[in-house]
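A.B. asks: Residues per chain, in single letters:
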Amino acid sequence: MPLKIVVGIKWVPNTTSVSIDEKTGTLIREGVPSVVNPHDLIAVEAALKLKDRYGGHVTAISMAPPQAILGLEHVIGMGVDEGILISDRAFAGADTLATSYTLAKAIEKIGDYDLVIMGHETIDSSTAHIGAQVASWLDIPYIYYAVNLEYIEDKHLLRVRRILEDSIEIYNLRLPGLVSIAMHSDVPRRVSLTNKLRARIEKPIRVWSNKELDLDPNCIGLRGSPTVVAKVEFMPKVPRKQEVYKDGDPKEAAKWLVERLVKEGLLKIPGGE
Amino acid sequence: MGTVPTKFDIIVVGAGPAGSSAAYTLAKKGFDVLLVERGRVVGSKNMFGGRVYLKPLKDIYPDFEKSAPIHRWVTKERISLIHNNDITSIEFEGKEATSFITYLSQLANWMAIKAEEEGAILLTEVTVDRFEVEDGRFTGIRVGDETLKSEVIIDAEGANRLLLERSGIVAPLKPKHVALGVKEVIKLAKDEVEKHFGLDENEGLAWILMGDITGGTPGGAFIYTNKDSVSVGLVVILDEAIENIDKHIYNYVEDLRLHPLLKRYFGGGRIMEYSAHLIPEDVWGMMPPQYYYDGLLITGDAAGFLLNLGYTYRGVDFAAYSGYLAAEAVEQAYSSGGPSKENLAVYKKLIEDSFIYRQLRKFRGVHSLMKNKRLFTLYPLIMNLTARNLFLPEDESLKVLEAFKKARKGRVSWFTLLKDLFMVVRQV
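Chains as they are written, first to last, in my numbering: chain S, 1 to 273; chain D, 1001 to 1428.
Mixed in with the good hints, there may be bad ones.
Pairs of lysine-lysine, DSS-like flavour, derived with a Cα cap of 25 Å [stated by the list, open to error]: (1) K203/S with K1007/D; (2) K203/S with K1187/D; (3) K23/S with K1007/D.
Some but not every residue of chain D turned toward chain S, in silico, with C-beta under 10 Å [what the hints assert, rightly or not]: (4) T1003; (5) T1006; (6) V1036; (7) E1125; (8) K1419; (9) L1421.
None of these hints come from the bench; they were simulated from the model. We put the CB at the ideal spot given by N, CA and C, even for glycine.
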């Protein structure tokens, strides 16, 4: 049975070129190009690998302003079959609770799915909330830090390796379920010209506003978001000293380094003075 | 999924002014057009000083003034000779304009959208590796391991024409063929732009400066007022710059921005953008042997269609119009039976009958002036010394000619001076 996969992507400002307004504490987004969250591209890659191996259908879903169509076109260019853009002023200002609710309801509307795949976290907020929250709203099991997904077709299970700091756990995930792919665990494939052309010519992207989803205005957007950013504090600038050890002998160099670090109070040697 | 085509009537490579106008014109005529662009967004690889002449664009886009992103109309022209902390200028100001100032990225984007509106398919982030050639005919593009076929390719790849090089049509560019343009865009409030430069709403200034700001390298500097920012930069002849310049080129832009007499114009502004680009300079030296080949038409900077007037360049309108002519040529070829090599030859005729070719011929001597270093350092010095002698008298005022003679003496002979003057008057 071919897998029906939904993969979540976020359209984020390219944080390598974003700066922060020190007065207001908000991101200066003017003129900053947006990209698909790089960790989500690895989720897309995981979905496409499953599709390559077991057959199936991959739908990418994103909640974002209309420009994010470019992001959906990008992943369709990679081989995703279709895209759904959830876009409405009513969804704006959402925190992770309202976002996960909206995404979950959209996935419910898609209806027929076996697996939801998400990226580890986003580069613009790094909460890693959305996967767990979406799974909770959908009442399906979820696993984070997943790599090397394998589909056990006869039992309709997903074998998932979960990477922890010092071990790898292997799970059989009951489907439908959700996995969030460990960051940097794979390299997303390149966009192909044919798929890119398909994205432009067939336009396999649907846009859903709240007309289609019909969600309670109190559960979405700013009104559905209990999170408040109380304050943004800037890290005080730490004055840095720089000393260079010029002599060649590594033993002496190590000794010199340790002495300096101890002297600066940055290193304590047990039993030392 | 069988509906994705693998062949188009026309593939246009490069969504700059040349490519987008070709794609727009062809799509409007009903051709299947694919427009591919290397940049992530259209316009991201384009750069220019700031000014575009209207007429050619209006010929292509009848509604141009209504919907194109025009920042300001050039109602004020200033040409300055600069030496140290002295500037001598002549200025023309009026209420009419035939050129305007814009961001090229916005204009290129507008032009690409126009092409899409007419039905052209635009793909960005597509780097064409090479042209497909079968029995001497150009038949498509190769991107990675994928191929798309076409009846005609329009090459609008710009000054850095790797595809024409790989096809063996042109040799790699040499430094003597090109100039290097660098610029900064400095953000100011709209009313600050108007206040600093003495402009009313929608009015703009095109300001050219020549002198020691290019460090003795032939070339010049420019300042253009955008709607709510100012573009400031310089152009240097590349082979001369390689010889002369001892610091990174961006330092020259910085020197310009921080110049004691210029920095007040940018006061309080934030640098939004720094960019650099090659400009065809010796266009007759870098032109491809032909503009048309079997299945291939060459447009814009790639063909060397850029005019150096000596005090300013015309590139965008020339590029756009050459794209338009390429589209006309394709249509005429089809109506004469098909896009065979013989029928595509009409492109050569269209180019040679157009203002592009007439203008390039008329100004072909300007390039030779670029070799004369006196124009870029000595004469700005003499003119500023003359002005000093005239306007900063110790006690007794001098006559104009006296002031000039005093400035000239020991610096240049009358013979050389008159010869140079004659050269300039003849070429520019």
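A.B. asks: Now tell me, hint by hint, if it's right for this structure.
C.D. replies: Now the hints, each set against the structure:
1. Distance restraint check for K203/S and K1007/D: the Cα-Cα separation of roughly 18 Å lies within the 25 Å cut-off, and the hinted pair is therefore satisfied.
2. The straight-line distance between the Cα atoms of K203/S and K1187/D is roughly 38 Å, outside the 25 Å bound, and the hint therefore fails.
3. Of the pairs offered as hints, the one joining K23/S and K1007/D is violated, with about 54 Å between alpha carbons and a cut-off of 25 Å exceeded.
4. Annotation: T1003/D was flagged as interfacial toward chain S, and the flag holds, the nearest CB pair being 6 Å apart, inside 10 Å.
5. The interface hint given for T1006/D is met, as the beta carbon of that residue sits about 8 Å from the closest beta carbon of chain S, less than 10 Å.
6. The interface hint given for V1036/D holds, since its Cβ lies 9 Å from the closest Cβ of chain S, which is under the 10 Å cut-off.
7. Given the 10 Å rule on beta carbons, the hint for E1125/D holds: about 7 Å separates it from the nearest Cβ of chain S.
8. For the restraint placing K1419/D at the interface with chain S, the shortest Cβ-Cβ distance is roughly 49 Å, beyond the 10 Å limit, so the hint is violated.
9. Proximity of L1421/D to chain S is violated relative to the hint, the smallest CB-CB distance being about 46 Å (cut-off 10 Å).
Comparing the model with each numbered hint stated earlier shows that hints 2, 3, 8 and 9 do not hold.
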